[in-house]
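Student: Here's the letter readout for the chains.
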Amino acid sequence: MPAKPVSKQVPSRGGIFSKFKGNIEAIAIGVKFFFNPQRFTLIYPKEYIKLKEGYRGFIVLRKDKCINCGSCARICPAAAMRLIRLPFTDPKTGKTRMKLWPVINYNRCIFCGYCVDVCPTEALYHVPYHDVVYETMDVMDLDLEEFQKEPEWDAEKLGLPVKYVVDEKMGLVKVRIKEEGEKQ
Amino acid sequence: MSGIIRTQGAQVGFNDLKLPGMWSRKIGKDLYEIFIGPQHPGSGHMRIVIRVDGDVIVEADPDMGYVHRTMEKLSEVRTWIKGIPLFERMAIHDACNVTLPYVRAVEKLMDIEAPERAKYLRVLLCEINRIAAFLYGFGIFGVFLGHSTMYMWPFGDREVWVELAEWLTGARLTHSYPVFGGVRRDVPAGFTDALRKAIRYMRKRLEDYRKIFVDNPVIRARLEGVGVIPKNLAIELGITGPNLRASGVKYDVRLNHPYEVYDQLDFEIPVFQEGDAYARVWQRVEEIKQSLNILEQVADWLDKHPRTPILHDKFWKTAPPLYKKIFEETGRAKLGAVYAIMKVPAGKAYERAETARGEISYYVESNGGNKPYRIRIHSASARNALVYKYIVPGHRVMDLPAIYGSIDYFPPEADR
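Chains as they are written, first to last, in this note's numbering: chain A, 1 to 184; chain B, 1 to 416.
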C-alpha cells in the first residue's frame with residue numbers, strides 16, 4: 001500500500017493556563033534529567049570502544065594470499081591504494097621476477113572498504129579500530145612491510161574496553177567488556 | 001572575550017556597528033549592512049548579507065558556495081563506482097539518501113534492478129539516516145535559539161541511530177552502502193532487536209522533546225508566525241522536503257514517485273498548513289514518527305525472510321565459492337572485480353529520492369565508457385536556500401537564526 005498524505009495541525013496555543021502548564025512541564029523534565037541524567041560519555045583514553053565485527057578500520061595486507069591482480073588499486077576512490085613493483089621469488093620454482101604489490105597511503109584513505117570487498121582472495125582485511133596516530137605525514141604512506149603489520153594501537157594498552165548497546169529506556173548504554181579471566 | 005573580537009574588527013576597518021564576530025558598514029541614514037557568516041554566528045558555511053533599518057531587516061541576500069567542491073566535474077574523471085563515496089560527501093550524515101538516486105540511475109542505464117531484500121535494506125538505512133539527519137537539524141536549531149539542552153539531547157539520541165548504522169554498514173557516517181545492483185552488507189544477527197529497542201526509545205524521547213522544546217511557551221513565542229512561507233511562494237520557488245509540506249503542499253517523492261519498496265510500506269506523509277517556523281518543527285517531529293513506523297515494518301519483513309543474495313544476479317551469479325561462503329558467514333557481499341572496470345551502456349537517466357531535507361535529483365549521462373559523461377545533481381538544500389531572500393525581510397534580526405534553523409539548510413549539500 002502506498003503512502004498517504006495526512007493533514008495535520010500544530011496544537012493550539014491555548015490560554016494563560018496552558019502557557020503556565022507548558023512552562024512547568026519544561027522545567028519538570030529539565031529537573032528530572034538533572035537528577036537522572038542519560039550520560040554515556042567515553043572517558044578516552046581510560047576507556048576505549050571495542051568496535052563490532054565488520055567495522056571498517058585500518059587495512060592490513062596478507063601478502064601470502066595476494067595474487068597481484070591490482071583490483072584494490074583500481075577501485076580505490078581516493079587513489080590511496082597504489083601498486084609498487086618489487087621482485088618476488090617463487091618458493092616452488094625458485095625463480096625471481098617482478099610483481100605488483102599494493103601499498104596504502106593513509107593521508108588519502110577514506111575507509112570506504114571497497115578494496116577489502118573487491119579483493120578476490122580476501123588478502124586484505126580491516127582491523128576494528130581507527131584511532132591510530134602517526135607522527136608525520138610521511139610515515140602515513142606505508143611501504144609493503146608496514147602494510148602487512150597491524151597498526152600499533154595504544155588505546156588498547158592504556159584503557160579498558162567498553163561497548164555501547166542500544167537500550168529501550170536509556171538510548172545508548174556503555175557496558176564494560178570483561179576481559180578473559182576477570183571476575184564477572 | 002567580546003572586547004578582543006571588537007579590536008580585531010576595528011583592525012579590519014570594516015566594523016561601523018562594532019558587532020562581535022561580524023562585519024558591518026553603514027550604507028545610508030539608519031541603514032546598515034551586516035555580514036552574517038560564513039564563520040558561524042548563526043549560519044553554517046554560508047553568508048547571509050542583511051541590510052537593517054534599526055532592528056528590522058529590509059533586505060537579505062543569501063551568499064552560497066563556500067564549500068563548493070566541483071563534485072559534478074570530479075565525477076567525470078572517476079569510474080562509475082567511485083562516484084558513490086564522492087557524492088556521499090554532500091551530506092555525510094544522510095549518506096544513503098543522497099547516493100541512492102545515483103545508484104538507481106546507473107542501474108536504470110544497465111537495465112538491472114536490486115533484489116527485494118536489498119531494496120528493503122536500502123530503505124532501512126535511508127530511514128535511519130533520515131532520523132539521524134532530522135535530529136542533527138534539531139540540535140543545530142536548538143542551539144541557534146539559545147536552547148542548549150535541545151542541542152545536547154538530539155545529538156545524544158542521534159548517536160543511537162549512528163551506532164545502528166555503524167553496525168549495519170561498518171562506518172559511522174560515510175556508509176557507501178548501496179552499490180549498483182544491491183547493497184554491500186546484510187543485517188547482522190541481533191540487529192532487528194536493537195532496532196526495535198531504538199524505535200521504542202525514540203518514540204518515548206519525542207515526548208520529552210515536546211515538553212522541553214516544541215511545546216515550550218518560550219520557543220513557541222519565538223517561532224509562531226516567524227518566517228511564514230505561503231503555499232504559492234513555496235511552489236513558485238521550488239522549495240522541497242519538510243519545508244514544502246509544512247506549507248501545505250502534498251508532495252513527497254516517496255508518495256508521488258515511489259522508489260525501492262516505499263509503495264509497499266504503510267506510512268503517512270504529514271502535511272501542515274501554517275508554513276511558519278513552528279509548523280516546520282512539528283513537521284519534522286511527525287516525519288520522525290513516520291520514519292519509525294517504516295523502520296518497524298522493515299524490521300518485521302527482515303525477520304520473516306531468510307538471508308538471500310543482496311546483489312543482482314548479473315554480479316552474484318558469477319561470484320566464486322569464497323564470495324558465497326563469506327556472504328553466508330558474515331553477511332558481507334563481496335564485490336566482483338567488474339565493479340572497478342565497469343562500463344555502463346550509453347544513455348541518459350534521471351532519478352530522484354527524498355532526502356531528509358527534500359528532493360534530490362540526479363541526471364546521469366553515459367557515452368558507454370567506464371566513466372560518466374555528465375552528472376548533474378540538484379540537491380534539496382540548493383533549492384531551499386533561495387527562500388531566505390524572500391521570507392527574511394520584515395523580520396527582526398533576532399528572528400534570523402530561528403528562520404535559518406527552521407529551514408534546516410545544509411551548505412555542503414547545496415554547494416556540492
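The hints are simulated quantities; they were obtained by calculation from the structure and are not laboratory data.
Computed from a predicted model, the values in this text were never measured in an experiment.
Accuracy of the hints is not assured; some may be wrong.
As the list claims (entries may be wrong) - Subject to a maximum C-alpha distance of 30 Å in a straight line, what follows is the list of computed DSS-like cross-link-like pairs (lysine-lysine):
hint, chain 1, residue 1, chain 2, residue 2
1, B, K211, A, K19
2, B, K289, A, K32
3, B, K197, A, K169
4, A, K52, A, K63
Student: With reference to the structure, classify each hint as holding or not holding.
Tutor: Status of each hint after checking the structure:
no. : hint            : result
1   : K211/B / K19/A  : 12 Å, holds
2   : K289/B / K32/A  : 24 Å, holds
3   : K197/B / K169/A : 9 Å, holds
4   : K52/A / K63/A   : 25 Å, holds
Every hint, counting from the list given before, is met by this structure.
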